[in-house]
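Chemist: Residue numbers (our numbering), protein chains in the order written: chain A, 1 to 388; chain B, 389 to 531.
Check each hint, because a few of them may be wrong.
[Stated by the list, open to error] BS3-like, lysine-lysine: derived pairs with alpha carbons at most 25 Å apart:
hint, chain 1, residue 1, chain 2, residue 2
1, A, LYS250, B, LYS428
2, A, LYS250, B, LYS457
3, B, LYS411, B, LYS397
4, A, LYS365, A, LYS308
5, B, LYS445, A, LYS266
6, A, LYS13, B, LYS397
7, B, LYS513, A, LYS250
8, B, LYS445, A, LYS262
9, A, LYS303, B, LYS461
10, A, LYS308, A, LYS3
11, A, LYS156, B, LYS507
12, B, LYS529, A, LYS250
13, A, LYS250, B, LYS517
14, B, LYS517, B, LYS503
15, B, LYS430, A, LYS156
16, A, LYS156, A, LYS31
17, B, LYS414, A, LYS156
18, A, LYS156, B, LYS461
19, A, LYS250, B, LYS397
20, B, LYS507, A, LYS303
21, B, LYS414, A, LYS250
22, A, LYS250, B, LYS423
23, A, LYS272, B, LYS503
24, A, LYS250, B, LYS461
25, B, LYS517, A, LYS156
26, B, LYS517, B, LYS457
27, B, LYS457, B, LYS414
28, A, LYS13, B, LYS503
29, A, LYS250, A, LYS266
30, B, LYS457, A, LYS173
Because the hints were derived from the structure by calculation, they are not lab data. The model shown is predicted, which means the values in this text are computed figures rather than measured ones.
One letter stands for each residue in the lines below.
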Amino acid sequence: MKKVAVIGVGHAKFGERNDVNVAELAFEAIKPAFKDAGITPKEVGFAAFGTVGVWYEEPLPAVVIAEYTGLTGAGLVRCEAACASGSAAVFSAYSAIVSGYTDIAIAVGVEKMREVDTLTAVELIGRAGYYLWEFENFGMTFPAYYALHATAHMEKYGTTEEDLALVAVKNHKYGALNPYAHFQREISVEDVLSSRIIAWPLKLYDCCPISDGAAAVVLASEEKVKELKIDTPIWVKGVGISSDTANLSKRESYVGLTASVKASRKAYERAKIKPEDIDVATVHDCFTIAEIMAYEDLGFCRKGEGAKMIREGETEIGGRIPVNIDGGLKAKGHPIGATGVSMIVELTRQLREEITPRSRQVSMKNYIALAHNVGGTGHYCYVTVLGR
Amino acid sequence: MAVSGSVLKSRPLNISYEIPITKTLKFWEGLKEGKVYATKCKNCGALYFPPSSDCSKCLSSDMEWTELKGEGKIETFTHVIVRPATFSDEPPYTVAIASLEDGVRVLAWLTGIRKSEVKIGMRVKLVAKVTDEGRLTYELKPI
């Protein structure tokens with residue numbers, strides 16, 4: 001199989017970006033990605049756009065953004081895998097190179113979620129499951145879907161609201177050091193516990209914000225990496241993808257996400273690594289419980305011991321596997337189509353050891369990083385392993 | 389943190405989808421009669437709730453209707469405090485997933501109980517309901 005490397009990355013500021021439209025926001029990520037790769041838009045054979053849309057005005061974002069950023073003429077596709085749309089775009093671009101279709105492809109993740117009011121955004125995300133059976137009559141929200149898991153996890157394993165709060169505290173601590181993050185301030189356990197209930201037992205600070213944002217990665221074949229004399233290519237070592245039922249009522253359990261287990265095992269097998277080889281990971285912490293379940297589902301610890309990992313600081317810098325050192329979805333923000341691409345941008349920079357401020361740089365032993373991106377409530381899962 | 393900008397307000401668009409229920413009509417009609425139906429595959433025996441008119445296990449379309457007894461216990465639940473825009477007129481509600489002795493799980497509102505008294509493992513019954521606005525639905529109630 002052809003080898004594929006990340007050769008350029010770009011990231012827009014996440015947050016409430018009502019100063020730019022979707023194409024202008026994507027431009028903020030795409031231009032630096034081209035500059036980083038040392039290429040022009042005309043050299044790109046295929047461009048994949050991860051974006052869910054519906055909260056912004058453009059129904060065909062791929063063509064609009066392509067025109068705005070000089071990509072017109074390249075092969076285009078818009079990828080949807082809910083909150084894993086960005087990873088779906090990365091996979092689509094990766095596949096275009098692996099298949100031999102092109103030697104340079106770009107994956108762009110972008111979302112503009114703040115062009116509608118908050119409760120309309122809550123509605124549009126809540127509909128993303130099985131509308132007919134779980135929203136039409138029952139008004140499920142995204143926090144509610146994860147709250148169902150939190151309740152079950154707390155009952156079965158004794159995970160507490162304080163444990164959940166520790167995830168938010170850790171991710172805000174690192175988000176405060178990330179200039180691209182939506183929230184750049186530290187919070188305390190007390191702040192989390194005293195914040196208002198959104199979907200019991202999840203409170204406001206257990207939830208990621210509704211964000212605008214964009215990220216872009218340029219991928220290239222091994223031949224192109226040599227031709228362009230890329231000094232630090234970051235290789236895609238393996239990708240694992242899986243899915244689960246649309247109806248939550250058809251799941252076997254509510255203490256984990258089966259799609260995460262399946263996708264990660266496929267990724268480990270393809271990349272020929274074990275969880276203990278990972279130097280740094282970004283996991284899908286749309287809610288605090290999601291990060292604890294991710295530790296378990298990805299095999300970072302045994303099932304039921306996720307809360308122990310956060311309590312003992314094992315996922316902080318200096319711990320066994322530093323997780324979400326960019327602030328995670330929780331503090332960096334979660335513009336849903338951008339998130340998967342943003343993870344690859346962060347991990348590429350970590351693997352290149354070029355993170356600033358340096359206090360946020362993880363020290364590398366094996367130069368292996370993992371991105372775990374969930375769409376919906378474990379409806380989709382993409383796990384991508386990168387290596388230097 | 390929020391960057392303040394000027395905005396152009398787009399043309400509004402109100403959409404309501406007309407969802408076909410021809411193949412599951414007996415289910416919706418059943419709710420009016422106080423019954424909750426599932427479907428069963430005549431070929432492989434798989435039971436479906438929500439009802440499905442095609443079998444995803446063996447791909448047969450030879451299905452029969454079967455009324456659920458509807459008794460079971462709560463597997464997990466949440467109290468939805470921040471509601472979506474189209475549910476803003478509803479007071480906060482409890483959503484639970486129950487596993488029924490019939491052999492299926494159901495996600496629905498849990499009613500007729502104080503929020504502080506809801507517990508995993510408690511016994512519930514699935515009942516059909518027609519709301520005051522005429523919407524056909526079903527709920528879980530403690531037994």
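Chemist: Please go over all the hints and tell whether each is borne out by the structure.
Modeler: Results for each hint:
1. About 15 Å separates the Cα atoms of LYS250/A and LYS428/B, which keeps this hinted pair within 25 Å; it holds.
2. Proposed proximity of LYS250/A and LYS457/B is supported: the alpha carbons are some 18 Å apart, at most 25 Å.
3. About 41 Å separates the Cα atoms of LYS411/B and LYS397/B, which puts this hinted pair outside 25 Å; it is violated.
4. Taken as a hint, the LYS365/A and LYS308/A pair is honoured in the structure, with Cα atoms around 24 Å apart against an allowance of 25 Å.
5. Restraint check: the Cα-Cα separation between LYS445/B and LYS266/A comes to about 24 Å, which is no more than 25 Å; the hinted pair holds.
6. For the proposed pair LYS13/A and LYS397/B, the alpha carbon gap of about 24 Å is at most 25 Å, so the pair holds.
7. Of the pairs offered as hints, the one joining LYS513/B and LYS250/A holds, with about 18 Å between alpha carbons and a cut-off of 25 Å not exceeded.
8. Our distance criterion of 25 Å between C-alpha atoms is met by LYS445/B and LYS262/A, whose separation comes to about 20 Å.
9. A hinted pair counts as satisfied when its Cα atoms are at most 25 Å apart, and LYS303/A with LYS461/B qualifies at roughly 24 Å.
10. A C-alpha spacing of about 38 Å is found between LYS308/A and LYS3/A, which places the hinted pair above 25 Å, so the restraint is violated.
11. Only pairs whose Cα atoms come within 25 Å are accepted, and LYS156/A paired with LYS507/B is accepted, the gap being roughly 13 Å.
12. Between LYS529/B and LYS250/A the alpha-carbon distance is near 20 Å, which keeps this suggested pair within the 25 Å criterion.
13. Using a Cα cut-off of 25 Å, the hinted pair LYS250/A and LYS517/B holds, with the two alpha carbons roughly 22 Å apart.
14. Proposed proximity of LYS517/B and LYS503/B is supported: the alpha carbons are some 20 Å apart, at most 25 Å.
15. Note on LYS430/B and LYS156/A: the hinted pairing is violated, with a Cα-Cα distance of about 37 Å set against a maximum of 25 Å.
16. The straight-line distance between the Cα atoms of LYS156/A and LYS31/A is roughly 48 Å, outside the 25 Å bound, and the hint therefore fails.
17. For the hint pairing LYS414/B with LYS156/A, the CA-to-CA distance comes to about 38 Å; that exceeds 25 Å, so the pair is violated.
18. Our distance criterion of 25 Å between C-alpha atoms is met by LYS156/A and LYS461/B, whose separation comes to about 15 Å.
19. Proximity of LYS250/A to LYS397/B is assessed by CA-CA distance (about 41 Å); at most 25 Å being required, the pair is judged violated.
20. Among the hinted pairs, LYS507/B with LYS303/A is consistent with the structure: their alpha-carbon atoms are about 23 Å apart, no more than 25 Å.
21. Note on LYS414/B and LYS250/A: the hinted pairing holds, with a Cα-Cα distance of about 22 Å set against a maximum of 25 Å.
22. Simply put, LYS250/A and LYS423/B have alpha-carbon atoms about 21 Å apart, close enough for the 25 Å limit, and the pair holds.
23. The hinted pair formed by LYS272/A and LYS503/B fails the criterion: a straight-line CA distance of about 48 Å is larger than 25 Å.
24. The suggested pairing of LYS250/A with LYS461/B holds, with an alpha-carbon distance near 15 Å, which does not exceed 25 Å.
25. Under the criterion of a C-alpha separation no larger than 25 Å, the hint pairing LYS517/B with LYS156/A is inconsistent with the structure, at around 32 Å.
26. For the proposed pair LYS517/B and LYS457/B, the alpha carbon gap of about 15 Å is at most 25 Å, so the pair holds.
27. For the hint pairing LYS457/B with LYS414/B, the CA-to-CA distance comes to about 16 Å; that is within 25 Å, so the pair holds.
28. Distance restraint check for LYS13/A and LYS503/B: the Cα-Cα separation of roughly 40 Å exceeds the 25 Å cut-off, and the hinted pair is therefore not satisfied.
29. For a cut-off of 25 Å, the pair hint linking LYS250/A to LYS266/A stands: about 23 Å separates their Cα positions.
30. Between LYS457/B and LYS173/A, the direct Cα distance comes to roughly 51 Å. Violation of the 25 Å bound is thereby established for this hinted pair.
The structure is inconsistent with the numbered hints 3, 10, 15, 16, 17, 19, 23, 25, 28 and 30, although it conforms to all the rest.
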